[in-house]
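Chains S and E are the protein sequences, given in the same order.
With my numbering, letter number 149 in the first sequence gets 149, and the count goes up by one each step, no holes.
With my numbering, letter number 204 in the second sequence gets 204, and the count goes up by one each step, no holes.
None of these hints come from the bench; they were simulated from the model.
Careful: at least some of the hints might be erroneous.
[Claimed, not checked] Over 10 Å on every C-beta distance to chain E, these chain S residues come out as not near it, computed from the model:
1. F73
2. Q113
3. L126
4. T156
5. P186
6. Y197
[To be verified] Lysine-lysine pairs mimicking BS3-like chemistry, simulated, CA-CA at most 27 Å apart:
7. K135(S) with K130(E)
8. K156(E) with K136(S)
9. K177(E) with K136(S)
10. K132(S) with K107(E)
11. K135(S) with K129(E)
12. K228(E) with K136(S)
13. K129(E) with K132(S)
14. K107(E) with K136(S)
15. K177(E) with K156(E)
16. K177(E) with K214(S)
17. K177(E) with K132(S)
18. K177(E) with K135(S)
19. K106(E) with K135(S)
20. K132(S) with K109(E)
Computed from a predicted model, the values in this text were never measured in an experiment.
Note that CB positions come from ideal geometry on N, CA and C, so glycine has one too.
Read off the chains here:
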Amino acid sequence: MAHYFQLFQDCLPSLLSGLQITLIMAVSSIALAFILGVIIGLFSISHIRILRAFATVYIYVIRGIPLMILGLFLYFGVSAITGIRFDPLVASIIVLTINASAYMAEIFRAGIQAIDVGQTEAARSLGLGYLKTMKKVILPQAIKIMIPAFLNQFITTLKDTSILSVISVRELTLNGQIIIARNYLPFEVYSYVAIMYLIIITALSILSKKLERKLKYDN
Amino acid sequence: MIIKAKEISKCFGDLEVLKDISLNVTEGEVLCIIGPSGSGKSTLLRCLNRLEEIQCGSISILEEDIVNTKNINRLRENIGMVFQSFNLFPNYTVLENMILAPLELKKMKRKEAEERAIMLLRKVGLEDKKDVYPQTLSGGQKQRVAIARALEMNPKIMLFDEPTSALDPEMVEEVLKVMKDLAQEGMTMIIVTHEMGFARDVADRVLFMEGGYIVEEGSARELFTAPKTNRCQEFLSKVLRTQVC
């Protein structure tokens, strides 16, 4: 047991630097994917047919391709054709953003469409325009519905960062693998890695529960 | 003429739900529209504030063409609408529900809007409910708030789309009373309803619709005591048998 904790201390600096990269990847791609997802989600409920078609195709294609393939394709495939050498971190943020945005667009669309159309009609009949109706009536109700699903997606994206160890981003998983290649103690090192993911995700879950409670409006 | 609809028709896909409907309403008139389900009553009402687009014909309200207007929102401020399913905003209190639109559209200052809202709530007997959320209200109370919310905008016309159809029987009366008071104050009202007793009492004029056509129209007395068409007679005898008037 003493050996287990000793080894943990030895690995900690390297694992922490990996965790830092993991968090940079997760936070930036979640933020970008949220913005992109809301835009694509707005397209998918738009009255303009071409925007709707674009959103449908985008969501269909992105959801149909595994994240790992998307990463390999961008990092190796695209650079082989164009000659552009991506920084692994930049490439992984792009790939995670594209991947998560498709799911977030669906969450956004479903949340908006879950609100009874009578709400829109009532607001419009009072003379409120489309944007004011969205901002004051529909979104406040829809966001409440969306929060658990969005949080689920945040957690998924955070965990998905580990997949991009295949394009040599020095994040938590890859740093663990590098340590294992040196000391050949996979049981110990992978357990450290797993616990570190677990701690971060637990913190995120607690945060979301708090947020959900805060947004409750019934009495 | 406060409302002028001329030869309008409306289709949902291949299905024509309004066929060549013409309708004039004068200021202060109370018009009830009756008829079987699927006859186009609600659709006609929803065309009047352009919640539904029409395919042919013209509609003008307060001398403005609502089909081609660039500013439908401003016109809708003058046309209150009350829905069968109330459609109060669950994320706002009763008072907030009422002042949302006037404040957003900068029609009133907050203080003025709140005072008017409280005055209207008093009128519908719900002043003490101003700070509760809609889900704590009964159906009848919700509908009275919905009427007050529409009145807050100080509309010239009120449209009612089966306002009592979703209510428990014992709550129908309280809503009808509010509407009756409103009619007596001279509000121009168009009411789609299945409450024949109410229609007979308050309507200046009644339209009977079926299959997308206006089959018969006349004063409440004419239409209820001596309907001219067979269809209207049949309809009335069926519904009056089940309703105590």
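Hints versus structure:
no.	hint	in the structure
1	F73	holds (43 Å)
2	Q113	holds (16 Å)
3	L126	violated (4 Å)
4	T156	holds (28 Å)
5	P186	holds (51 Å)
6	Y197	holds (36 Å)
7	K135(S) with K130(E)	holds (23 Å)
8	K156(E) with K136(S)	holds (25 Å)
9	K177(E) with K136(S)	violated (31 Å)
10	K132(S) with K107(E)	holds (15 Å)
11	K135(S) with K129(E)	holds (25 Å)
12	K228(E) with K136(S)	violated (49 Å)
13	K129(E) with K132(S)	holds (26 Å)
14	K107(E) with K136(S)	holds (17 Å)
15	K177(E) with K156(E)	holds (20 Å)
16	K177(E) with K214(S)	violated (40 Å)
17	K177(E) with K132(S)	violated (33 Å)
18	K177(E) with K135(S)	violated (35 Å)
19	K106(E) with K135(S)	holds (16 Å)
20	K132(S) with K109(E)	holds (18 Å)
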